[in-house]
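Undergrad: As you go down the protein sequences, you meet chains G and H in turn.
In terms of the working numbering, the first sequence opens at residue 1 and continues consecutively.
In terms of the working numbering, the second sequence opens at residue 1 and continues consecutively.
Quick caveat, the hints were computed from the structure, so don't treat them as lab data.
For clarity, every value in this text was computed on a predicted model and none was experimentally measured.
Don't take every hint at face value.
Partial pick of chain G residues on the chain H-facing surface, computed with a CB cut under 7 angstroms [unchecked claim]:
1) N27
2) Y31
3) L43
Using C-beta positions, here's what the derived DEER-type ranges look like [what the hints assert, rightly or not]:
4) A3/G with V111/H: 27 to 33 angstroms
5) K17/H with E79/G: 47 to 53 angstroms
6) A52/G with A80/H: 42 to 48 angstroms
7) L77/G with Q47/H: 25 to 31 angstroms
8) Q109/H with L77/G: 40 to 46 angstroms
9) N10/G with Q47/H: 19 to 25 angstroms
10) A52/G with N69/H: 37 to 43 angstroms
11) D62/G with S26/H: 34 to 40 angstroms
12) T5/G with Q109/H: 23 to 29 angstroms
13) S81/H with L55/G: 41 to 47 angstroms
14) N10/G with S85/H: 21 to 27 angstroms
15) N10/G with N69/H: 36 to 42 angstroms
In this text, a Cβ means the ideal position worked out from N, Cα and C, and glycines have one as well.
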Amino acid sequence: EAAVTQSPRNKVTVTGGNVTLSCRQTNSHNYMYWYRQDTGHGLRLIHYSYGAGNLQIGDVPDGYKATRTTQEDFFLLLELASPSQTSLYFCASSDAGETLYFGSGTRLTVL
Amino acid sequence: GDSVTQTEGQVTVSESKSLIINCTYSTTSIAYPNLFWYVRYPGEGLQLLLKVITAGQKGSSRGFEATYNKETTSFHLQKASVQESDSAVYYCALGESNNNRIFFGDGTQLVVKP
Numbered sequence: 001e002a003a004v005t006q007s008p009r010n011k012v013t014v015t016g017g018n019v020t021l022s023c024r025q026t027n028s029h030n031y032m033y034w035y036r037q038d039t040g041h042g043l044r045l046i047h048y049s050y051g052a053g054n055l056q057i058g059d060v061p062d063g064y065k066a067t068r069t070t071q072e073d074f075f076l077l078l079e080l081a082s083p084s085q086t087s088l089y090f091c092a093s094s095d096a097g098e099t100l101y102f103g104s105g106t107r108l109t110v111l
Numbered sequence: 001g002d003s004v005t006q007t008e009g010q011v012t013v014s015e016s017k018s019l020i021i022n023c024t025y026s027t028t029s030i031a032y033p034n035l036f037w038y039v040r041y042p043g044e045g046l047q048l049l050l051k052v053i054t055a056g057q058k059g060s061s062r063g064f065e066a067t068y069n070k071e072t073t074s075f076h077l078q079k080a081s082v083q084e085s086d087s088a089v090y091y092c093a094l095g096e097s098n099n100n101r102i103f104f105g106d107g108t109q110l111v112v113k114p
């Protein structure tokens, strides 16, 4: 069974704060993704990666950095958080077959 | 670019009644994309409900069905008799096999009334 673990589950920070969201997959998948999910917008791709050290720009990358340190670990960094980044964030992994395996999500609130 | 449009907002259905959630897609980058339905139950992440990669084929899972129609560029989700446990958010998605990009619709909240 594919497993993707996100942490933390919930995070509250203030405007200008520094936040790191973590994601670990134990499936040896090549691809990992970060999405944000907002009411009325569905899932929007922030960044993705096809291997350690690789980073690809998604559709809504502004204000976000990401780093893939290992095959298993993919981090999303918000260095100067803004209220517009309040959202539900999902990490996912996949292999070449394209079925995505998602984590349970991180709810981020920026005050 | 590629995009997916699905039934907006919330759909409320009484238990044991039939369901259809509409999904249409548009693609400029690939002629025959892979098509998916994902589902998110309360408190959980999204999970694959069904997937079809060949035009004209039907996928099915947990009583749900969807047929890949390339003429109408549609992939509607149907179920003959819904249950309360089907209450969730359903997402239609399109995949570009050449670069592993997945594009999602905005999601449809299904509420099944007892």
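Undergrad: Against this structure, judge whether each hint is valid.
TA: So, going through the hints one by one against the coordinates:
no. : hint                                  : in the structure
1   : N27                                   : violated, 14 angstroms
2   : Y31                                   : holds, 5 angstroms
3   : L43                                   : holds, 4 angstroms
4   : A3/G with V111/H: 27 to 33 angstroms  : holds, 30 angstroms
5   : K17/H with E79/G: 47 to 53 angstroms  : holds, 50 angstroms
6   : A52/G with A80/H: 42 to 48 angstroms  : holds, 46 angstroms
7   : L77/G with Q47/H: 25 to 31 angstroms  : holds, 27 angstroms
8   : Q109/H with L77/G: 40 to 46 angstroms : violated, 31 angstroms
9   : N10/G with Q47/H: 19 to 25 angstroms  : holds, 21 angstroms
10  : A52/G with N69/H: 37 to 43 angstroms  : holds, 40 angstroms
11  : D62/G with S26/H: 34 to 40 angstroms  : violated, 25 angstroms
12  : T5/G with Q109/H: 23 to 29 angstroms  : holds, 26 angstroms
13  : S81/H with L55/G: 41 to 47 angstroms  : holds, 46 angstroms
14  : N10/G with S85/H: 21 to 27 angstroms  : holds, 26 angstroms
15  : N10/G with N69/H: 36 to 42 angstroms  : holds, 41 angstroms
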